[in-house]
Amino acid sequence: MLFLRQAWTIALKDLKAELRTKEAINASLSFALVILLLFSFAFDPTAEQTREISGGLLWLVFAFAGALILNRSFSREQANDCLDILVASPVSGAALFIGKAAANAILILAVEAVCLPVFGIFYNVTWTRHPWWLLLVLVLATWGLTVIGTMFSALTVNLRLRELMLPVLVYPMMIPSLMAAMQLTTILIAGEPVAGENMVWLRLLIGFDIIFTALGIGLVETVLVN
Amino acid sequence: MGIRNKLIYLLAILGGILVIRNLNVILLHFPDEAAQGAIYRIMFFHVPCWFICFTAFFVAGVASALYLWKRKTVFDNVAVSAVEVGVVFTITGLITGMIWARIIWGIWWTWDPRLTWAFITLLVYLGYLMLRRAIDDPTERAKNSAVLCIFAFTSVLITYKAIDWWRTQHPGAVLSFRTGGGNIEPAWEMMLLWNFLAIGLIATAVLLIRTNQERVQREVDALRRRVHEL
Amino acid sequence: MDERNFTFMFYGFAAAWAVLALYVVYLGAREGKLRRQLENLKRMLEEREKT
Chain A
1 MLFLRQAWTI
11 ALKDLKAELR
21 TKEAINASLS
31 FALVILLLFS
41 FAFDPTAEQT
51 REISGGLLWL
61 VFAFAGALIL
71 NRSFSREQAN
81 DCLDILVASP
91 VSGAALFIGK
101 AAANAILILA
111 VEAVCLPVFG
121 IFYNVTWTRH
131 PWWLLLVLVL
141 ATWGLTVIGT
151 MFSALTVNLR
161 LRELMLPVLV
171 YPMMIPSLMA
181 AMQLTTILIA
191 GEPVAGENMV
201 WLRLLIGFDI
211 IFTALGIGLV
221 ETVLVN
Chain B
227 MGIRNKLIYL
237 LAILGGILVI
247 RNLNVILLHF
257 PDEAAQGAIY
267 RIMFFHVPCW
277 FICFTAFFVA
287 GVASALYLWK
297 RKTVFDNVAV
307 SAVEVGVVFT
317 ITGLITGMIW
327 ARIIWGIWWT
337 WDPRLTWAFI
347 TLLVYLGYLM
357 LRRAIDDPTE
367 RAKNSAVLCI
377 FAFTSVLITY
387 KAIDWWRTQH
397 PGAVLSFRTG
407 GGNIEPAWEM
417 MLLWNFLAIG
427 LIATAVLLIR
437 TNQERVQREV
447 DALRRRVHEL
Chain C
457 MDERNFTFMF
467 YGFAAAWAVL
477 ALYVVYLGAR
487 EGKLRRQLEN
497 LKRMLEEREK
507 T
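Protein chains in written order, with the working numbering: chain A, 1 to 226; chain B, 227 to 456; chain C, 457 to 507.
The set of hints was computed from the structure by calculation and includes no laboratory data. We put the beta carbon where it would ideally sit given N, CA and C, even for glycine. Hints are supplied without guarantee of correctness; some may be wrong.
Here are the computed lysine-lysine pairs in the DSS-like style, where the Cα-Cα straight-line distance is at most 27 Å [unchecked claim]:
#1 K298(B) x K498(C)
#2 K489(C) x K506(C)
#3 K298(B) x K232(B)
#4 K489(C) x K298(B)
#5 K232(B) x K489(C)
Residues of chain B placed beyond 10 Å of chain C at every Cβ, according to the derived structure [what the hints assert, rightly or not]:
#6 L254
#7 F277
#8 T342
#9 L352
#10 A360
#11 R367
#12 P397
#13 I410
Can you build the whole structure from these sequences, using the hints too?
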């Protein structure tokens, strides 16, 4: 219970800090919307074509926009030695990790929640045929991205080239989650429910989440403590 | 370090002799395969390259975990060396695979799960090498790259299982311990394992050389710090 | 068809060994560089300790 309370406190702190300045979420949202717009101009896809690529397009947008939010995760603690104080505090490393990951996930989900209606309007695609399945996929995949991104943000926090290293390290590791999310999203937007053969993607998402959350919780303390 | 150098030479020479013997068998004693002609012989280097690659990354993962547990620098030395050797064999595996694919499938590359995951594995471990270059402090570098190495090993596991989990263009499992026998000629399977041993011996020699170099590099860095202090 | 297969097979073998050979050459060069650095530094250390 203490663990959950600590994680919740950290998550609230991060969310409050972010909402005060709204730097990361503004940048992320603008970036996502610009890509959606540009893509629509560049390729001018028909509704049919869009449905086929919807998963790929949406998740590329979410991954790139999400990276902006994830980068800030630990780097915002660098000023005034906040990171050292957090690590030295009674909050366990795992709680710190889960709290930050939760805050990041909520922010990225917020960006996704804005992007989906925009996508629907600009591309003339209904995406609401299976809302609960879509929500499940969004939550699971976003958690996967967030866990990897938060972990690697901790790993690269002290580097000079942090802005460059984080994407380079994070994107290959996110690919299982992204791939599964893209497939499932395309299927759901096309109107099919997730069933039968496609369940393997859902299983991949869940497995990915479990494994990397466990690895993250286990290893984050090692990374943060000098 | 006399014994170490002797061991390295011994491994390299044994490996070399075994490779020449294997090449002899492959080129002169194995008949051409019905559908593929001569090109199938690449398999005898392509498959062992990937075995060695996976083994190297496994060694790196174990060494990283040991480093995090015991914090002795020798484990970090082994880890980085194993990753470098692994990356070399990943590249070799990809190149031999592409050459084989060009003849058999008519294309250099396709995004089927096995190939995609092999490429992702390469990217992930290149990221590891990049991370090492970016951190100056040796202890920090060892610690953080060890954590990354453990994460990275998951991509190796997925690459290995890719042919079981998805229907791929890449051929399915052939080794007897995976299929229970019957998917491949016994003589070929033996040759795969022999070549794994042969190239593996050479790879081990290279690994030992690289590990030693890492140790010397640390000495050089320490000496440099001392000289600049004076 | 068999001719082309043979040529490609040799390319394949050559490519595999070339990558490994390049790496070994790189290691050799590194070894030389490290030795030189080590000797230089030891010499510099002796000089500085004498003064």
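Checklist entry - Hint by hint, which ones does the structure fall short of? => result Going through the list in order, the structure violates no hint and respects every one.
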